Amino acid sequence: MANHQNGNTASLPFPKVKKASPFKKAMFHPFIVGSILPVILIIVWEALSRAGVIPAYQLPSPTAIVDKIIELAEKGTLWGHVGITTYRIFLGFLLGTAAAVIIGSFVGFYNRVEQLLDPMIQAFRSIPSLAWVPLFILWMSIGEASKVALIAVGVFFPVYLNIVSGISGVDRKLIEVGKMYGFTNFQLVKRIILPASLPSFLVGMRSGLGLGWMFVVAAELMGASQGLGYLLVVGQNTYSPDLIIASIVLFAILGKVTDALLKRLEYKALHWQDRLERS
Amino acid sequence: MANHQNGNTASLPFPKVKKASPFKKAMFHPFIVGSILPVILIIVWEALSRAGVIPAYQLPSPTAIVDKIIELAEKGTLWGHVGITTYRIFLGFLLGTAAAVIIGSFVGFYNRVEQLLDPMIQAFRSIPSLAWVPLFILWMSIGEASKVALIAVGVFFPVYLNIVSGISGVDRKLIEVGKMYGFTNFQLVKRIILPASLPSFLVGMRSGLGLGWMFVVAAELMGASQGLGYLLVVGQNTYSPDLIIASIVLFAILGKVTDALLKRLEYKALHWQDRLERS
Amino acid sequence: MSLMVKNVTRRFNGNTAVKNISFQTYKGEIVGLLGTSGCGKSTLLRAISGLDEGYEGEVSLNGNAVRNVNTNASFIFQEPRLMPWLTVKDNVSFGLSEKKQEKGLKAERYIELVGLKGYENYYPLELSGGMAQRVAIARALVTSPELLLLDEPFSALDAFTKMQLQDLLLKIWSEYRSTMVLVTHDIDEALYLCDRIIILTGQPGVFKQEFVIEEPKPRRRGSQQVAAYKERILKCLEL
Amino acid sequence: MSLMVKNVTRRFNGNTAVKNISFQTYKGEIVGLLGTSGCGKSTLLRAISGLDEGYEGEVSLNGNAVRNVNTNASFIFQEPRLMPWLTVKDNVSFGLSEKKQEKGLKAERYIELVGLKGYENYYPLELSGGMAQRVAIARALVTSPELLLLDEPFSALDAFTKMQLQDLLLKIWSEYRSTMVLVTHDIDEALYLCDRIIILTGQPGVFKQEFVIEEPKPRRRGSQQVAAYKERILKCLEL
Amino acid sequence: SAGCSSEASSETGPEKIRLDYAYYSPTSLVVKKFGWAEEEFEKEGIEVSYTLSQGSNKALEFLNSDSVDFGSTAGAAALMAKAKGSPIENVYVYSKPEWTALVTNKESKIEKVEDLKGKKVAATLGTDPYIFLLRALNEKGLKAEDIQLVNLQHGDGANALASGDVDAWAGLDPHMARAELETGAKLFYRNPDFNTYGFLNVRSDFAEKYPNYVERVIKVYEKARKWVLENPGEAAEILAEEANIDVEVAKKELERNDFSNPVPGTEHKDALKAAGKVLKKGEAIDKGADIEKLVNDLINPSYVKKEDQ
Ligand SMILES: Nc1ncnc2c1ncn2[C@@H]1O[C@H](COP(=O)(O)OP(=O)(O)OP(=O)(O)O)[C@@H](O)[C@H]1O
Ligand SMILES: Nc1ncnc2c1ncn2[C@@H]1O[C@H](COP(=O)(O)OP(=O)(O)OP(=O)(O)O)[C@@H](O)[C@H]1O
Ligand SMILES: [Mg+2]
Ligand SMILES: [Mg+2]
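Chains as they are written, first to last, in this note's numbering: chain R, 1 to 279; chain Y, 280 to 558; chain X, 559 to 797; chain P, 798 to 1036; chain U, 1037 to 1345.
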């Protein structure tokens, strides 16, 4: 997935090019390739806005959005919003992942625990973030705790699902090796099952992080006065398309950055995978 | 994960019981075990409600919720809400999964396509459902199409993520077998890569379905006058805790049912997995 | 299909696995590759097959230099590499592109030939090691390849089954005159099957010696002439 | 550790894999299991190890009937079964519970014994088939087990490496007097290593014959007496 | 941009008229319930569709994206959208609702606006209750910084008040009516004039093309308004049924609606200008915006007047 990081660039489209010129190399740097589409998108959008095809009250132009973000930055509130949301995501992510690892390991490993817990967890999984809001206010009031907890709930489910599935997909043959050494169940999980289901676990983490970002909006409906979700909702309430889109853009950027961190971790942790060298 | 379906019940807690009596068998039927926790939860909740610890205006008692659902059923509107939401989920799920399979296969297989598309997709992944609403209204107006499309967006991301990761986790050794037969890339994907990444794909589908359910609320903010998401929002706008909780319960039940269907499919499709016989 | 390997060298992250190997086979010849564990036999076979393109040097099939997979070639890998989600029968017919029924018939015939009749509907996880390897052999043979690359195909089999399958291989060879490259650790096997035996040694593996066995096939196991060759090969290896 | 197998039968979904096998070994004895592919040797070994509890009959270690894994036993599986995320060194020390440094020293010693010095930091995907199998052998031997179960441990190795490792096994045996059960297809190997050879045949596998080899170890390869045994075993097998 | 009647005769009608309905606009519910709009346009074969607006911001999104032709919003919301350039005009006032007030708990010591100093007050930023709160503070010489504002959705604000998480709440009906009935919450500060009215807005291009039809839609609304005035009990029942609320709550909510003056006029303009100032201060409207002009552009009474003639 992250093959490009070790310079293992594509071979099919340019099979004969053995040594690319430095210029070509720079041209086809993954970062540049990855920017092609977004850049095209932004240019088209800007052009349509300028031509008046998309009126500003519907969708402000990219430059207007950038202006808005710069304005927020100059006022100094931007960092507050970004900072507090990132902080909440971070804590929620840690909590949710930890809970998912613990519960998921038990569920994946013990049939009885699965029968006991899994049906309920699966039922909770489809409850929308907005629906949790009144319940969380009820249980935890409107402090920071309830916000972080709600984000943790969002993170929990995908991580849990992927861990359980990862564990039950682990090759029995490897587990038997551990059993021959008289490993306890805990050791089996720690030394064989978790490493072997790591790919699945990491996808779960990335999926969970994405859901965490989505839960931010609901979390910040609970009496926040700062944060990206707050910005979005205020934008909707005050009918400010520029604020709405600015917060969406910030969501996208921060989401992308945090995901890239996880993807990097994934690449590092899975270097042993005998994976498809892709064309 | 779904071992219980072939009667492969736990061995650790009752290692010596070779042939359980029919009574015991019924007692420990997975369905019953799975109901223990929810039943306890409901009883405690009901007791607290009756004792007045939780006032009804905050959280109505389970019986009140059931009454509310029965009331909806008697009025005949329940089936409308459930039906239309299920229909939207179904279509959105099909669309989102199809898109994810196609795009995910290309991204997973071609390094160049990954470099081109993946960064943008990853950025979009963290945009909350609520934030999409104004954009979708703008692009597709408020018909059925925009609702289904928004749900499809929710389904897309987890499926995509799991497919890409599943594909890059496929054992290179198996792919080489196909290459020796001169398989085209399409054949490789269809005959080796997709089946081999099926476990990952199925988790993605289940994860995606869950997210689809979550996106229903946002989807039904787009001018719906029926559906579970609609019920939830009406409940919130009219301050009707019983309606809110009733819709949450319906979300949970429907989510559980649809997930159980997928889980069944997972079990059927993965019978070949040499999986951990769990204790 | 004739095969020519010219100065093939393969490096992995700077470590050389095989160095400067050259040899040539005529159409219908069976070539044996012998050598100690880790000397690069599998690496060489992968280079010939076209699965690995990272080597230096040249591999030609029928006189044309190639660097990609030839669909008339078949590979029996060192491990069975069965698709775990397919039954024995579907695994065997995996590479066939005929109609369903015809595929089924062909697969069944080869399943019987490798002694697995009755196991058509088993999944790989229900097979023993040797049975899995035999399924892999059937899968490779069923396509009647012009070039057959075999990486220790019979090493997981008992003496009896092994001999049966060696004879099966010869039968296929006399029918289709496939060119074969056989990696093996069993000198008797090499002497029973091969027209030419190439010895590699060392790490990185280099060419050591080539033996041309001129006895006509089928040969008698343990015949006088063969025993003489064996002695020479053992001498060449155990140094 | 002494071992007794009594009337062991194993069925899979109604199909019998092995039927009614009984035998006994004394402490420090090396027992060979020979039989055609698919006759249930691996199945039997799994029953002895305790990994499989689904058999009928009884397995006793040191006189006590057991049905679970004994931590003084070690298993070399038919496939290498290395942890793909660990290096060679970490794979070898996988089952050790000593301190890190001691573990490392022990692992290094055994890596050298199986001829893989210099490959400590390789990952399994970078190893050849025979090298991976040797790592698995090192991993099993490093714990100095009292009972060693070996499922075709040397089948992926060339003649030279194979002999080296057979001698390594004997060395370990003379040091720790481990009891061993060795599944093999190589009659010479069985005759070189085993005190007793048990022949299974058929599908389902049944007990056919038992040979007690009374030559003291170490034996000379290809000695006269051994050749006589070989003839008898071949006769017994090839019917 | 008002049409004149001479052109109106030659205009061809739209294929479809898209109305919205909302639980905060009882007249819209009555229109939908009795199908009066369909009745009105049936002869010409014009289709009528209804879309539910869950709140002012949704109604405005629908208007902006050309998903509906008529949308019901609070006056302040319409003004904010207009300030962003939304092509809408207000042609009718469906009610003068007193849908917002300052609320506190039964036992609370808070009795007047001044007591809010330093207290936690819940409100939804940018909405009518928020404007109401700021104007109330302003009137008593307090500033927004003097209280701790907690941004909560309307329903959550009611909950937070009930469980004591906040000291007061700028409430909105029907949450407020319900809180009164169920938890005995008290409305300690009321002022109908600080509410910004219920506006029926139309898309400018629709009004330009089909001025006649705007008038006829207003006619339908007028019919509904008169019916509500005559049948308050039944109207409450319709509201209760449609919006899924208690009849008692519905009655309370309707009592607080004044349906007497549907013609947009000076009082509405004044209320909006005052709200505009507050919004400007709260940065919900751009500093540079000309409130005076915006309000005049937004409010266009010409269609109703004609209907009255
Ligand atoms: N998990 C299983 N499910 C069903 N059948 C099985 C399973 N494991 C083994 N068998 C069957 O049991 C029989 C014996 O298998 P086993 O692996 O013990 O053979 P073996 O003697 O080790 O053969 P080989 O020499 O080829 O390794 C085979 O017919 C096989 O199909
Ligand atoms: N993917 C790889 N990355 C790094 N090194 C590799 C890789 N594949 C093989 N090697 C190295 O190449 C050498 C030769 O490996 P190869 O598999 O060709 O041996 P072999 O002759 O087939 O041995 P065996 O008889 O044990 O199968 C080994 O030293 C091995 O470590
Ligand atoms: Mg090899
Ligand atoms: Mg076996």
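Heads up, some of the hints might be wrong.
[Stated by the list, open to error] In silico SDA-like links for lysine to any residue, alpha-carbon gap of 25 Å or less:
1) U:K1069 with Y:H360
2) P:K959 with X:T574
3) U:K1317 with R:V66
4) P:K803 with P:R974
5) Y:K452 with X:E678
6) X:K577 with X:M562
7) P:K1014 with P:T822
8) X:K661 with Y:L453
9) U:K1155 with R:S225
10) U:K1329 with R:Q58
11) R:K75 with U:L1161
12) U:K1287 with U:A1198
13) X:K577 with P:K803
Derived from the structure by calculation, the hints contain no laboratory data. Computed from a predicted model, the values in this text were never measured in an experiment.
Contradicted hints - numbers only: 13
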